[in-house]
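Visitor: Listed here are the chains, written in short residue letters.
Protein chains: 4
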Amino acid sequence: MDWELFLSPYKQAVDELKIKLRGYREQYEMSNQHSPIEFVTARVKPVASILDKARRKNIALNELHTSMQDLAGIRVMCQFVDDIPTVIELIRNRQDMRLVEERDYIAETKESGYRSYHMVVEYPVQTIVGERKILVEIQIRTLAMNFWATIEHSLNYKYEGRLPTEVRDRLQRASEAAFLLDEEMSKIKGEIQEAQKHFALKKIEDHDLKRTKR
Amino acid sequence: MDWELFLSPYKQAVDELKIKLRGYREQYEMSNQHSPIEFVTARVKPVASILDKARRKNIALNELHTSMQDLAGIRVMCQFVDDIPTVIELIRNRQDMRLVEERDYIAETKESGYRSYHMVVEYPVQTIVGERKILVEIQIRTLAMNFWATIEHSLNYKYEGRLPTEVRDRLQRASEAAFLLDEEMSKIKGEIQEAQKHFALKKIEDHDLKRTKR
Amino acid sequence: MDWELFLSPYKQAVDELKIKLRGYREQYEMSNQHSPIEFVTARVKPVASILDKARRKNIALNELHTSMQDLAGIRVMCQFVDDIPTVIELIRNRQDMRLVEERDYIAETKESGYRSYHMVVEYPVQTIVGERKILVEIQIRTLAMNFWATIEHSLNYKYEGRLPTEVRDRLQRASEAAFLLDEEMSKIKGEIQEAQKHFALKKIEDHDLKRTKR
Amino acid sequence: MDWELFLSPYKQAVDELKIKLRGYREQYEMSNQHSPIEFVTARVKPVASILDKARRKNIALNELHTSMQDLAGIRVMCQFVDDIPTVIELIRNRQDMRLVEERDYIAETKESGYRSYHMVVEYPVQTIVGERKILVEIQIRTLAMNFWATIEHSLNYKYEGRLPTEVRDRLQRASEAAFLLDEEMSKIKGEIQEAQKHFALKKIEDHDLKRTKR
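Protein chains in written order, with our numbering: chain A, 1 to 214; chain B, 1 to 214; chain C, 1 to 214; chain D, 1 to 214.
It is worth saying that the hints were derived from the structure and are not from the lab. These figures come from a predicted structure and were not determined experimentally. Any given hint could be a false lead.
As the list claims (entries may be wrong) - Distance condition first, Cα-Cα at most 27 Å in a straight line; then the derived BS3-like pairs of lysine-lysine:
1. Lys45/B <-> Lys133/D
2. Lys18/A <-> Lys18/D
3. Lys18/D <-> Lys133/D
4. Lys133/C <-> Lys18/A
5. Lys158/A <-> Lys189/B
6. Lys189/C <-> Lys53/C
7. Lys158/D <-> Lys187/C
8. Lys189/B <-> Lys110/A
9. Lys18/C <-> Lys133/A
Claimed, not checked - Simulated DEER-style distance windows between Cβ atoms:
10. Lys110/A <-> Lys133/C: 40 to 50 Å
11. His65/D <-> Lys133/C: 55 to 65 Å
12. Gln69/D <-> Glu160/B: 37 to 47 Å
13. Asp52/B <-> Lys133/A: 29 to 39 Å
14. Met1/A <-> Arg98/C: 33 to 43 Å
We treat Cβ as the ideally placed atom computed from N, Cα and C, and that holds for glycine.
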């Protein structure tokens, strides 16, 4: 199997969607509104992970295209918990993709403590041999949820999914700290939004803005 | 005053330093070690902010070059508090810049709650009219410190430095939540480092990695 | 008139199309075929040029959206003259835009000596206030045509469209040299294509390839 | 041999030098002068090519560091033949590298017809284990020389260095056409330079400029 060739439209899809979703941020800034999107990352699932997951979930390689929904992945990070519904609405309203599925792991936190909002969309890519429809998983989360998820992911890899009680407890406390930070941020949000309007108007230095524009 | 021309070597300096410091991250990953650097941002101070600060601090425009140390700014974000000394050491050991000053706002938190480690370096830029030595401020902080600092900066702009008591209190609680997250992360660090080695070895999907490579 | 806001969907359109057309190149390389696309550039027309052209062509500012077709511009550069029809076909076949107009300044060279193939397409952009349909001009040309066009454009600016006879003659000879280079390249094309397949297979160093991937 | 690790400082070197040399262009534009640099590309030699060349030139793998001067390669493209001496001077004057060798294949065209100016420099890279001095080859050439060189390189690969007479002749004619284009450009240069100053002042649309800034 020529993986580079197989994954090529997936790479094209995430490259396009990264530009498309990042564009929102500039539009909000330009109209002096708080942007619900802090930054956007994208990846195509590495071949090792694909093989691993296919084995674990018993997916035949010739069914990957329809049965593995996260070959192409986009992650949208938000400052505040209540930016998330705004991002969901933006995506639902797009005319250039079709919504396939939504999973709300914020309302229903996973047993592990994982929180994120997942959307699966079908996105058409124009290739040199015509249009190809690609499944893309979009994960929407706060910075704090993202921080925690990265760590949980690492630890699960280390322990191959069987976390010792002590690690599980530590992870739990970090999750609570992340949750608390989200809560405090929500309370302070009104103040910040007002401030950011001024901020934008004054065109003051902003490292973070630069980061997402590259 | 032709600001674009005046700031041009500063822009060149931050562009070069961004590439230089980001390079560390790849080197750590390549040797399967935890990278003390999560991501790096850079900016040249906007003209409006320069004028504002010059007025406030009574700096003449023809002395900006020597008296305003943060015209060129680099920010290095770390996952863990104890990554910070590692980054400081990396910068102290560089042969392509001269250390001018260090300020430790982590050991001595600012009254406002601000925490970060600041280094000012003198960095030579080769221009079309010869070498120019440029002051650059490098701020080193954790993700949580950075999150808080961004918010505090916005609020200070809104209230022009005179925060109402209520806002100050909310900001304080957010700062504590950020601090707590840093603490929990420190405790979990050993586990994560081990995990990240495996992580790196297995070349598993990593959005965050991709983000800093662009 | 808030130009930054007005031009914002045009900027988004060219950012998206740049990624989309560049993607073709990688697809051709991946399948070891000669890429008809060498590189792709994009720009939004600068405000000074818009005002200039609006005055010259008597276009009202509230009609820019429909009457100025090159506010958003994409340029596709090809190695060989006969790569151009291949690119035209790729664009005609896309499902994510609507072809509005084509102008063939290669079959019918402009009096000035200008050669290029122009396509105007209507491209939908998803903004924070819903879908917007944007006109985009796509210019397709060889490297030699592009080299000449850049120079002619500069000279026209200098002389405000009224070139002295001597300059016009020099420009003519440069145009002939560019045309001759295109001719020689066409003759050598078969050889090169064969060679490039080997080239790709051997995954040999290729600066030019890297250039377009950024 | 861990090639990724071995080549890592070379990759860092070319990343830094690309930013450094591209910076010149913006500086010239900012001061409304013709830029002698049109664009800059960079590459680390692919492993297959390294092995190939090591075998051909009888270089031991543990001597690559000192005996293969083009592991790290930078290419600077110029519009005009007489931009080349200006670029050479800029590089000779830099304080952040040491000139090791120069080879002038423009004054002394290679038998094959290859024209380019080569400089080999020793460039210090700061790594996580301290400073490393790296050899970098910088090739300086016009757009027309570059076009021809790309083709010659491809054809040599196809025929493994043994070009049939017919191919050699075609290549020769293409080389003459490229040379002629350079000649015509040289004659028109004065006009163009004047025009480009106006061009820059009016801040008129410039695709090519955007290309190198990414």
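Visitor: Which of the stated hints cannot be reconciled with the structure, identified by number in ascending sequence?
Guide: 1, 6, 12, 13
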